[in-house]
Amino acid sequence: MSQPIEFTLNGRATSVDAPAHRLLLDLLRDEIGVTGTKEGCGTGDCGACTVYLNGKPVNSCLVLTGELAGADVVTIEGLKEGDAYHPIQAAFIEDGGAQCGYCTPGMLMMAKSFLEENPDPTDDEIRFALSGNLCRCTGYVKIVEAVQDAAAELRRRAAEGRNNG
Amino acid sequence: MKRTEPLEFHQPTSLAEATRIMLDGGPGGHFLAGGTDLVIAMKEKGLVPRYVVDLKRIPSLSGIREEDDGGITIGALTTLREVEISPLIVGRYPFLAQSAAEVGSIQIRNRATIGGNMANATPSADVAPALLALDAKAKLAGSGGERTMDLKDFFRGPGQTVAEPGEVLTELHIPPRAPRLVGEYIKFSPRDMMDLAYIGVAVTLVLAEADRRCESVAIALGAVSPTPMRAPGAEAVLQGQVLTEELAEESGRKASEECSPISDVRSSAGYRRAMVRVNTKRALLNAAAGGGPVPWTSRRDRRHA
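Just so you know, the protein sequences line up as chains A and B, in that order.
Each residue of the first sequence is one higher than the one before, counting from 116 in the numbering used here.
Each residue of the second sequence is one higher than the one before, counting from 131 in the numbering used here.
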């Protein structure tokens with residue numbers, strides 16, 4: 116029982132025919148073809164499927180398409196600023212925070228959202244914020260370093276913006 | 131991971147409509163709040179709802195407000211993240227904010243609602259002991275109108291509440307409490323994050339200014355009985371008494387006798403009883419010592435102090 120669902124995806128008005136029980140994760144990957152968002156556990160434990168729903172990071176593996184009418188959805192594909200990487204993406208590349216890459220889209224989405232709330236975090240605060248994003252290959256040291264470097268870059272930009280303003 | 135099955139999806143915009151859809155629809159219907167329990171049950175536990183009634187389009191079901199009498203009303207659709215960071219809750223009842231922060235991840239708490247957490251009626255629900263220790267009330271609305279009850283009477287058993295078919299949990303209400311009230315929630319779990327509690331203990335105390343006698347004391351336990359529970363015997367040990375380490379120990383011992391834990395994959399009944407004993411004592415002494423919310427990184431140190 117499909118029905119047209121209209122919502123905003125990465126800033127663009129989007130309409131898809133999809134049944135209400137379809138998971139947002141599957142809608143994105145299998146029906147719309149936006150595959151940056153990954154599935155890890157499928158039960159809201161690992162955070163690989165993190166997207167923004169109405170501005171807040173959520174697990175897209177637990178969101179039903181039926182809820183989406185009028186919603187604003189942002190995925191990892193919406194993170195770049197034009198052609199340039201967002202500082203959080205640049206920092207993960209520079210610091211080796213991407214590692215195998217599978218958990219990275221979810222890490223980036225959660226980290227960006229967190230830094231908007233807390234621009235100058237401690238390492239422990241970063242670990243608290245990222246506790247719902249699991250890396251199963253390497254570890255978290257480089258990830259935390261990358262988030263700190265991104266935070267520093269974002270603070271530098273904010274200060275520059277103030278000075279130029 | 132298994133996928134969800136086809137279902138009818140309803141998005142009522144009023145409580146009356148939500149109740150009517152559920153009563154007309156008959157068996158196989160489920161209310162949907164944040165979906166962090168329901169969708170997992172559909173994917174992992176073979177739940178196949180025939181239809182789902184999403185409550186998120188009903189205005190007035192979410193938000194936190196202070197009443198004229200100093201009580202606090204929390205709409206059932208308020209997310210646990212909102213409870214965690216609400217300046218009103220953090221300022222007044224930091225242990226309640228902390229108990230919300232103990233659930234899952236930020237991503238989960240951005241979806242999970244306080245009403246869903248209660249209506250799902252898991253014995254280990256982290257927010258339940260803190261609310262019980264604040265004498266919280268539950269308000270329900272259904273075809274027979276509205277009714278309000280003590281939250282402890284809302285739970286009936288694991289996954290079971292007293293809600294009638296079509297009845298919606300609409301609000302949780304914390305009655306006005308003495309400004310001197312202090313409290314503590316200790317979640318004792320294998321891992322510090324992203325885990326379920328072996329046991330949970332919430333306590334609230336109002337200590338007399340003159341001699342620090344316990345004017346009021348509430349002790350609530352999670353994950354050690356079919357429903358989140360109060361421990362009246364443990365409370366009676368302290369009522370009207372000056373809190374000492376020995377009395378806190380005695381209260382903890384009483385709490386461990388009053389609860390009825392089971393043995394399961396997480397831990398044995400005996401271990402749960404022992405952890406109720408020591409963590410009730412710790413929660414009482416921590417609450418009395420004050421100091422406000424504890425950052426998660428130092429909780430382990432404080433817990434083992």
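Hints in this document: simulated from the structure, not taken from any laboratory.
Source: prediction; values computed, not measured.
Do not take every clue at face value.
Said to hold, decoys possible - Restraint-style ranges between C-beta atoms, simulated for each label pair:
1) B:R321 / A:C215: 20 to 26 Å
2) A:K195 / B:G275: 51 to 57 Å
3) A:G148 / B:K132: 21 to 27 Å
4) A:K257 / B:P362: 50 to 56 Å
Glycine residues also receive a C-beta, built at the ideal position from the N, C-alpha and C atoms.
| field | Unsatisfied constraints (hint numbers, rising) | value | The structure breaks none of the hints.
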